[in-house]
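Peer 1: Protein chains in written order, with my numbering: chain A, 247 to 357; chain B, 1491 to 1603.
Worth flagging that the hints you see were computed from the coordinates, not collected in a lab. Check the hints yourself; a few may be wrong.
Partial list, computed: chain B residues near chain A (C-beta under 10 Å) [what the hints assert, rightly or not]:
1) 1496
2) 1537
3) 1559
4) 1597
Backbone N, C-alpha and C define an ideal beta-carbon position, used for all residues, glycine too.
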Amino acid sequence: TQLLEQSPQFLSIQEGENLTVYCNSSSVFSSLQWYRQEPGEGPVLLVTVVTGGEVKKLKRLTFQFGDARKDSSLHITAAQPGDTGLYLCAGDRKGAQKLVFGQGTRLTINP
Amino acid sequence: ETGVTQSPTHLIKTRGQQVTLRCSSQSGHNTVSWYQQALGQGPQFIFQYYREEENGRGNFPPRFSGLQFPNYSSELNVNALELDDSALYLCASSLLAGNFEQFFGPGTRLTVL
């Protein structure tokens, strides 16, 4: 059983459409991070959210941390082919010496 | 500022062999974490090293071991390789111990035949 469940696991949409990726858990996290990983490369940190209800924007990407700090979402507006990649959420639980990753959402944006 | 580097890029081994993977942390970072990423999965935490001491370990058997050196570079050693050890091995460095924002290297793709 995954501590962090991401949905959907696969998403293929047309350029210009909007999309939302979800990261859910029954556990409370001190912070949640979102990474993007391209084939043959390591994950690249996009954002960290630490406060319940926090919203952060990175150009066309909007990240939200749930009020109870158990879930997060990533919304992309007007998706572009360059957004294609594996999106990973990762959580930090207080007192745990490890970062827990979701299984990832593989996003494909078709021109 | 130099990012996280890993070597080798790719490696092929046979069952029962031993392997050593290497990682150089980002300049100024004293903490290194290792992850195993199977195909189609998210990374799984193996262990973390802070100032040359192990600082947390995931659910991996003792045949997975590590070292951190005074310059904060690190090694991951895996003994008695099994087919299921085939994966991308990622190293990440951070400024602080624990789970602060981590910066990943490109990974080492290990194939066990």
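Peer 1: Next, verify each hint and record whether it holds.
Peer 2: Comparing the hints with the structure gives:
The interface hint given for residue 1496(B) holds, since its Cβ lies 8 Å from the closest Cβ of chain A, which is under the 10 Å cut-off. Annotation: interface hint on residue 1537(B) holds; nearest CB of chain A at approximately 8 Å, less than 10 Å. At about 20 Å, the closest approach between the beta carbon of residue 1559(B) and any beta carbon in chain A exceeds 10 Å, and the interface hint on this residue is violated. Interface hint status for residue 1597(B): upheld, as the beta-carbon distance to the closest one in chain A is roughly 5 Å, under 10 Å.
Going through the hint list in order, the structure does not satisfy hint 3, though it satisfies all others.
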